[in-house]
Every structure is written in C-alpha cells, then in structure tokens.
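Protein chains: 2
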Amino acid sequence: MPKNRKVVLKSHPQGPVRLEDFDMVEDETEALRPGQVCVRVDHLSIDAFIRTTLDGGGFHQSAKLGGVVPALGVGTVVESTDAAFAVGDVVTGPMCSQSYAVLPVAACGKVDTQLAPPTAFLGALSIATGLTSYVGMKYVAKIHGGETVVVSGAAGAVGSLAGQVARLLGAGRVIGIAGGPDKCRFLTTQLGFDAAVDYKAGDVTAKLAEQAPNGVDVFWDNVGGDVLDAVLMNLAVEARVVLCGAVSQYENMANVRGPKNYLKIAERDASMLGFTIFHYPDRYAEATATMAGWLNSGKLIVHETLEVGLDRFPAAVRGLLDGGNTGKFLLKVG
Amino acid sequence: MPKNRKVVLKSHPQGPVRLEDFDMVEDETEALRPGQVCVRVDHLSIDAFIRTTLDGGGFHQSAKLGGVVPALGVGTVVESTDAAFAVGDVVTGPMCSQSYAVLPVAACGKVDTQLAPPTAFLGALSIATGLTSYVGMKYVAKIHGGETVVVSGAAGAVGSLAGQVARLLGAGRVIGIAGGPDKCRFLTTQLGFDAAVDYKAGDVTAKLAEQAPNGVDVFWDNVGGDVLDAVLMNLAVEARVVLCGAVSQYENMANVRGPKNYLKIAERDASMLGFTIFHYPDRYAEATATMAGWLNSGKLIVHETLEVGLDRFPAAVRGLLDGGNTGKFLLKVG
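Each protein sequence line maps, in turn, to chains A and B.
The letter at position 47 of the first sequence is residue 47 when you use the working numbering, and the numbering goes up by one with no holes.
Going from the second sequence to the working numbering is simple: count from 1 and add 1000.
Since the hints were derived computationally from the structure, they do not count as laboratory data.
Just so it is clear, CB atoms sit at the ideal spot from N, CA and C, and this is done for glycine as well.
Do not rely on the hints blindly, as some may be mistaken.
[What the hints assert, rightly or not] DSS-like mimics (lysine-lysine), calculated; alpha carbons at most 30 angstroms apart, straight line:
no.: 1; chain 1: A; residue 1: K138; chain 2: B; residue 2: K1260
no.: 2; chain 1: B; residue 1: K1260; chain 2: A; residue 2: K10
no.: 3; chain 1: B; residue 1: K1142; chain 2: A; residue 2: K260
no.: 4; chain 1: A; residue 1: K138; chain 2: A; residue 2: K207
no.: 5; chain 1: B; residue 1: K1332; chain 2: B; residue 2: K1110
no.: 6; chain 1: A; residue 1: K260; chain 2: B; residue 2: K1110
no.: 7; chain 1: B; residue 1: K1332; chain 2: A; residue 2: K260
no.: 8; chain 1: B; residue 1: K1110; chain 2: B; residue 2: K1260
no.: 9; chain 1: A; residue 1: K142; chain 2: A; residue 2: K207
[Said to hold, decoys possible] Calculated Cβ distances over 12 angstroms to all of chain A for the following chain B residues:
no.: 10; residue: E1079
no.: 11; residue: A1107
no.: 12; residue: T1113
no.: 13; residue: K1260
Chain A on its own, in the form it takes in the complex (with noise of 0.2 angstroms):
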C-alpha cells in the first residue's frame, strides 16, 4: 500500500484558525478490514463547515487532536474488499485531509462519471452543495414564481448555486449579497444574478431597500451576523427566511451574534426555516436528476476555485473563510 499523507489538527484554534493550528504527516494506509475501500483522494471540497469541526465539539462534526480533518472528497477506489466497488470506481464519501481514505461501503458514493466530470459531485451534484439549494429552494423556501429572493455568501459554492436554482424556479428577482466588486460583477455577468449588493461596502439595509423596494419574500442565509440582520429589516409579509449556514460566525461559535433584528420575524409575519438535507432523502433523485439536467443544458453555470497540493489544505480553508474563494473552492489532491 503506498504511504499516507495527512493533515493533521495539532491544536484546537482560539479564535481565527491559523496555518498553525495544523501538521503535516506520512503514515502507513490503514490495512482494510472486510466492507472497506481504499480511496485514492483525488479532490477534497473545501467548505465552511470544516472550521466548526475544529472546536472540539460544536455545530457539525468533530475533528481531533492529531487526526485528520473532516472533508468531503471525490477519488478512486483502489483496493476494495466489497463486490459492489471495484478498482478504478469513482467514488464521493468523508474522505477527510489525507492522500488515501479507508472508508466503510456504506459511506461511499459511486458517481456515474457519464452524467458530468467527478468534481460535480462535489458541487452542483453533491448532496450538500446542489442537493441542499434545490431542495432547499423548493422545498424548504417554496418559492412562488415572481418572488424576490436574496442570497448571501451569493457568490460561494452553495450561494451561486441557490440565486441560480431560485431563477429557474421560478423566482421573480434573484438578488445575492457578496464581498467586493469582483465577486458582486460575477454574478450578475455570468450567473444571471438581477442585483449585487457589496456588503463590504456600507449600508446593506439600505441598499438592499433600493434592490427589493417591494421587501424580500425569501432570504437565503449562508452569512448570519450583520448580514442576516439587515436583511430582517427588509422582509416582506410572510417572507421565509432559509438557515443554510452561519459562515461569519464559524470562527467564534462559543459566543455566537444571535439576529438581533429577529422580531422582525414576529412583525412581518415571517418565519426562519432551519433544515438538514439529511432529511429529505426522498428528494434526491429528483434533485440529482434536475440538477445535472440544468447542468448539462447550460442552464447552470458552475465555477470552481481550484488550489492544488494536500499541503495546501490549511491555507485552502484559511482563504474560505477570508472569502478568498468564488463558486466552489476544491483542492486537488494527488
């Protein structure tokens, strides 16, 4: 078996995460034991999450003192013990900071590279980036056609896929909030996004009153903090505000900055909508089948961020959170 590279959590961050809070180390590859796979980790997705694993505790998962970070990641099986995976399959699963995953069948994925490029399955087909805006979108938000919908974190890799799936629903005004000029540009030049507002620069309530002068019926929040709050001050009646994530208060989740604009919410006749995409098993096929349709039809525009070498895992996740990246951010691995 070839040799195991890993990154490794050599300290719990206090604070912002730092390059480090991280080790680099080669290890044997685990032996497998029967119902396991040998992945090659060919790319890991990098996303907001992975810092609240690094608490100790906390929102998501947990990673530990010297073991490898959680990620979700796309590879090649490379030893199997299970006649359902064979080498040379390409698989997705929590594949984690390392060059070679063993994973248990059951958490693994085969994606059918026929459909669209294995990277895909880490986006706009993967569960927790595509399958959550769809689902999420129609399911959750329930946009009715004409509506006016806001993104936050508009252009990440969940944010760019949410404002796009919102207009091909149905949605009447698709606006996203962004960090800077650049990312604010690409939405609306490429993604087909109507309205960009640059909370980097002033007043977002403000702003966002020019762009929804009729308010805001569904929000779609991968910020919290600030963000969120200035958007309660713009629902409209009955708007539906979607919990997806928190990303500006991942580096602080001991001491969270609840919405204090909440009563909005009570004001407006509103609601604020948490959900888990583990929840709607029922609705992946048709999510998945939606999705890569769009996909493929060029109705979907998808961008990558691409950084390359597992070394590079810490500072991948360091320039996430400093939203360095624009669509989804991946780390190519081997």
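Given chain A's structure and the hints, the job is docking chain B onto it.
Just chain B, lined up with the frame of chain A:
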C-alpha cells in the same frame, strides 16, 4: 361633558421606564364629531407592548410626548353620534391612558356581556390575548397530539392562556417557564401545567432538559433573551418556535439581544414562526366561540391581577415589566 383625566408621556424612557416619565393631567373631553362615540373607560389592559410605544418609534405604535399612552380598554358608551352604538353599550377599543376616550366607531367593538363579564374581553376573549393564544397554538404552532409544549412568561396574561390552550388542543406535556416559586406553583396547582421551570433559580437549559427529555416540540415565546436561548438548546427535531413577544427586550429595543443559539433551528430542522393575529381575521369567530365555551365550562382558568386608579397606570406598567402580575393585569380606572 365630564373632565378627562389623562396619564401623558413626559419623557421617552432611557432604558428602564420610570414613574417620572409620566404626568397626570386634566383636560376637557373632546367634543364628538360624526361617527364618534365617547366612552367612559372602566378597565385598561396592562400589556407589555405598552413599553414599546414609549420610545418614539419602533415595534408597535408610538406614544407622543405630552400625549396619552396606547392601551386597550373596556368601557361604557356615554355619548354617541352613531345609531349602532347606544349610551350604556359596553365596548372595547384603543382607549389609551385616560378616563374618557373619544373614538371612531370603527375602532370600537361592542361586547356581549351575556357571554362573559366585560374584563374577559380584555383577556380570554380579546384579540391580543385570548384569540392570539388560540390562533397561534392551533394555526401557527399546529400542535399535534402528544407533543411537548413549553411556554415562557407562562404566568402572564398570554402565557397562562397559551399553555392551557395547548393542553386543550391535545398537547401531551405542557411546561411553563416563569419567575419565582409562587408563579411556578400557580402554574402547576391552579392552571394544570405538567411542570414549571423557575428562570430565576439556576440553569434553565439543564432544568428544561430534565423536564423535556425528548426535546421541546413547540415553544411559545413571550420573553426572548436568555430564556429563548435556553429553550433553543432543547429543541426536538421539527420543533416550532412561535414568536409572540420578547418582554425581556422591550426596555432595550435599540439594541435587542438576538438569540445566539439560533443555529439550533437549522441543526434540528426546526422553524421560528412569527405571526400577528391581525393576519387571521377569518379565525376570530371560531376562536371566540371556542374560548368562550372553554371559559364558561370551567376548562379554562382565568386569573386577574387588579390595580385600582388611573394614577396607578405608570406603576402598573413598571410592575408588569418587573414581572409583578400573575395572569391578566388590569387597571380599574373609575
């Protein structure tokens, strides 16, 4: 016409409202214009929303410097310009802090004193208290039989009804959160709550976990702040949090403390539901009939705290905010 005694706002409170923020004045009662009635105010309803009107803007209506303070009341028509309202009729409406109110007939609701005593129309049969409890539990929380329901401000006017309504609609377990052992005892011995948690005596999160070991399915929040955060930590999957009020925040509306545990809404597939009773006019008749039936059959227990004398209006408002009342808080004006 008799003289009109009025409590007027002298200064917008800075933080906690003080008795010195009000003045008592005597004035001529206005002459009636067509379409108006003059009502002798018999009882005023002392409600938490009154505090929010004193800041000169904000959540509900607004009290002006030198003007009377918004408050709902019940009284007797002493002069009328409208054939539909006769002298002697008992009516409810936005009487405000005064002994005689001149109101447009459209703002008055004639009450059926055969159905219940006049003060019931400020409590169990009022839109803002009783109908809110019924419609909110039935059509917003949508209680399923057997669920665990938690109510904050449970010994207050809305809370004491909301908990009882939940039980009458089939809740499996009703838990009240209130301040102090007397109120907690009141809930369990007089109102039929299954358990009570004293938020002034220790860790609400832990005590609620004991009382609701399978999690909270419905939370009716009148309080906000720490209490809301404690309940969010105990949500069951698919829980509904109904936002009815946030009395802990009403003295600090410029800087509300948002719920820092709001991400539990996402994690637990839960929702936070705002509602204003005025969006449910088609449910008023059903709610009134049902509440009156429960009231007259003894299934719904109503408790009133009575203060006497219009000059006690400021002290009553201060007392309400300090949690001094049990059940409906009324001021007898005459």
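Satisfaction of hint between K10(A) and K1260(B), Cα-Cα up to 30 angstroms: Holds, at roughly 29 angstroms.
Holds or violated: K1142(B) to K260(A), with C-alpha atoms at most 30 angstroms apart: holds, 26 angstroms
Proposed proximity, K207(A) with K142(A) (alpha carbon, max 30 angstroms): With Cα atoms ~25 angstroms apart, K142(A) and K207(A) stay inside 30 angstroms; holds.
Minimum Cβ-Cβ distance from T1113(B) to chain A exceeds 12 angstroms: holds, 32 angstroms
Hinted pair K138(A) and K207(A), Cα distance within 30 angstroms: holds, 27 angstroms
Closest CB of chain A to the CB of E1079(B) still more than 12 angstroms away: holds, 36 angstroms
Given pair status - K260(A), K1332(B), alpha carbons within 30 angstroms: Violated, at roughly 36 angstroms.
Check on K1260(B) being off the interface with chain A, judged by Cβ distance over 12 angstroms: Non-interface label fails for K1260(B): nearest chain A Cβ at 4 angstroms, not farther than 12 angstroms.
K138(A) paired with K1260(B) [C-alpha distance capped at 30 angstroms]: holds, 28 angstroms
Least C-beta distance from A1107(B) to chain A larger than 12 angstroms: Check passes; 21 angstroms lies beyond 12 angstroms.
Agreement of K260(A) and K1110(B) with the hint, judged by alpha carbon distance not exceeding 30 angstroms: At roughly 39 angstroms apart (the allowed maximum being 30 angstroms), K1110(B) and K260(A) break the hint.
30 angstroms Cα cutoff - pair K1110(B), K1260(B): violated, 44 angstroms
Hint compliance for this structure: hints 6, 7, 8, 13 are not met, and every other hint is.
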